[in-house]
Amino acid sequence: MTEHPTVSDLVADVCARHASTVFGLMGNGNAFFTSNITRRGLPYISARHEAGTVAMADAYYRTCGKVAVATVTYGAGFTNALTPLAEAAKARIPLVLVVGGVPTTGARPWDVDQDMVAAGLGVETLTVTRETAAAATERAWALAVRDSRPVVLAIPYDLASAAAGPQQPAAAAASAAAAAAAQPGVRSLPTADAAATRHIARLLSGAERPLVIGGRGAFEAGAGPALRRLGDGLGAFFATSAMARNLFDSPWDLGIAGGFATLPAADLMRRADVVLVAGAGLNTFQTRYGSLFADGATVIQVDIRAEAASPEASEFIHADAAAFAADLLDAMPGLGGRGWRDGCPDVADRTLFAEAPADEFAQDGRLNPRAVAQLLDTVLPAQRTIVQDGGHFIGWAPMYCGVPDPRALAMVGTAFQTIGLGLPSAVGAAAARPDRLTVLVSGDGGALMGLADLDTAVRTISSGVMVVFNDAAYGAELHQYAVRGLDDTAMQIAEVDFAALARAFGAQGTKMRSLADIDRLRDWLDAGARGLFVLDVAVSQTVVADYMRESMAPVLAAQAG
1434 MTEHPTVSDL VADVCARHAS TVFGLMGNGN AFFTSNITRR GLPYISARHE
1484 AGTVAMADAY YRTCGKVAVA TVTYGAGFTN ALTPLAEAAK ARIPLVLVVG
1534 GVPTTGARPW DVDQDMVAAG LGVETLTVTR ETAAAATERA WALAVRDSRP
1584 VVLAIPYDLA SAAAGPQQPA AAAASAAAAA AAQPGVRSLP TADAAATRHI
1634 ARLLSGAERP LVIGGRGAFE AGAGPALRRL GDGLGAFFAT SAMARNLFDS
1684 PWDLGIAGGF ATLPAADLMR RADVVLVAGA GLNTFQTRYG SLFADGATVI
1734 QVDIRAEAAS PEASEFIHAD AAAFAADLLD AMPGLGGRGW RDGCPDVADR
1784 TLFAEAPADE FAQDGRLNPR AVAQLLDTVL PAQRTIVQDG GHFIGWAPMY
1834 CGVPDPRALA MVGTAFQTIG LGLPSAVGAA AARPDRLTVL VSGDGGALMG
1884 LADLDTAVRT ISSGVMVVFN DAAYGAELHQ YAVRGLDDTA MQIAEVDFAA
1934 LARAFGAQGT KMRSLADIDR LRDWLDAGAR GLFVLDVAVS QTVVADYMRE
1984 SMAPVLAAQA G
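Heads up: the sequence shown begins at 1434 in our numbering, then just goes up one per residue.
Calculated from the structure, these hints are not laboratory results. There may be inaccurate statements among the hints.
What the hints assert, rightly or not - In silico SDA-like pairs for lysine to any residue, Cα to Cα no more than 25 Å straight-line:
id	residue 1	residue 2
1	K1523	T1558
2	K1499	R1541
3	K1523	V1578
4	K1944	D1956
5	K1523	S1895
6	K1944	M1924
7	K1523	L1559
8	K1944	L1911
9	K1523	R1892
10	K1499	P1744
11	K1499	R1892
12	K1944	V1916
13	K1523	A1540
14	K1944	S1895
15	K1499	G1539
16	K1523	R1703
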């Protein structure tokens, strides 16, 4: 702390105690805060677009579990960051966004009501004063960590460089909440009563075909080991949400539940008679548009958030996943059944999932994205972090490319249905896990939308691959609306050479028009995989993902009828 600190200095002091990385873009409103951060040597990554700052902090948390700081200026800087802020809010990602605020003397002609805008996204704003700079910042961190949500911290423009006054003490409750939340295993979370636990235990004990699905909530609660013991005792199969990939580390894991499941795995999940879903929201994608569970199946959902209760669930338990799994184990001593595993040995030996290599080319002569994803899984090193942008292609990597643990697959944008956050998200993921190869999977539409931070990726990612599934179109719209007779003019994109763009920014890359072209990537990996390599893959518009085809089938049938 400086001898005569400013308000911005005190905010930066608290942030530096809690965070190891700051993602920002400097402007008038946050210049003094940013100067303090960079002067002290705290790692600072400068985005080229304000949206990138929040996307980077979001992906940083998803990839390593540590809360980061994003910072932008007031006005247009703040509004530019709204889309990733909405994504973080809906995905329950903790981060602190330090912004310039409206002066205490009143709004200027160019100011907007930033508090109201943030509140519309479901995000709380705390505004510092001369006397509460430290306490308000501590509270922002406590709320973000305790409630797993983003918090905006505003520094009024006329206070940014003002001398701080005598500081009010930070609320003891806020400090305690932050300290407790930062310690694994120290939680104050809901628990199920004994009667509810016995009821669920009876349902599971009577299951002939039990299925246990774990989500991000189960992963973050540390529930994986207890749920695996429970599933093994029941003879259950396992599945996960995309956010909890490899949670169970079991040969009986069917993979990702819902839209990203392989067809054989999805068919097996539909045969389950009792399904225990821990820490997953059962959204549209996780339930494969409502088709994942059989009619009459008992679906038990366990979540710490009462509002997470899904209409897909026939039973809802408001409880911490780890604690409830432990209670179930206590209530079900002597488990040792094989369930339906004996009748499905092809799950454990993986023959169920052994798909034949996809054809290299589609009917139009462009690459089949399935074949590309299958090949990437064998070429890329196993220790990798996959960052997934949004679009029609979103399932190819999760379906065909493995990851070492749940934090190694970051599906940024799915909660708010965004595209274009992939490039900055890859920057955040690489900062979180520099020991792994960062693999960004994007489409051409999203890559163009986030192109400003291609520069940031080239500057900051020490070892990364950007794979662009380039169908020269907004593919999701083609397969949802062109098939219904809408004109596709606005759905098409003149094909862009992303490898050439990357080379202009200082990266390496190649255009991939055949599977043999991946040899350029192999050579780069063999040479040490330094910097960023862009693989621009010319894929077909004619290959439709199974989950997209299934989601459109009722619509097309109704239209035909």
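We went through each hint and held it up to the structure:
{"no.": "1", "hint": "K1523 - T1558", "result": "holds, 16 Å"}
{"no.": "2", "hint": "K1499 - R1541", "result": "violated, 36 Å"}
{"no.": "3", "hint": "K1523 - V1578", "result": "holds, 15 Å"}
{"no.": "4", "hint": "K1944 - D1956", "result": "holds, 15 Å"}
{"no.": "5", "hint": "K1523 - S1895", "result": "violated, 30 Å"}
{"no.": "6", "hint": "K1944 - M1924", "result": "holds, 22 Å"}
{"no.": "7", "hint": "K1523 - L1559", "result": "holds, 19 Å"}
{"no.": "8", "hint": "K1944 - L1911", "result": "holds, 23 Å"}
{"no.": "9", "hint": "K1523 - R1892", "result": "violated, 30 Å"}
{"no.": "10", "hint": "K1499 - P1744", "result": "violated, 32 Å"}
{"no.": "11", "hint": "K1499 - R1892", "result": "holds, 22 Å"}
{"no.": "12", "hint": "K1944 - V1916", "result": "violated, 29 Å"}
{"no.": "13", "hint": "K1523 - A1540", "result": "violated, 29 Å"}
{"no.": "14", "hint": "K1944 - S1895", "result": "holds, 22 Å"}
{"no.": "15", "hint": "K1499 - G1539", "result": "violated, 36 Å"}
{"no.": "16", "hint": "K1523 - R1703", "result": "violated, 28 Å"}
Figure legend: structure checked against the earlier numbered hints; hints not met, in rising order: 2, 5, 9, 10, 12, 13, 15, 16.
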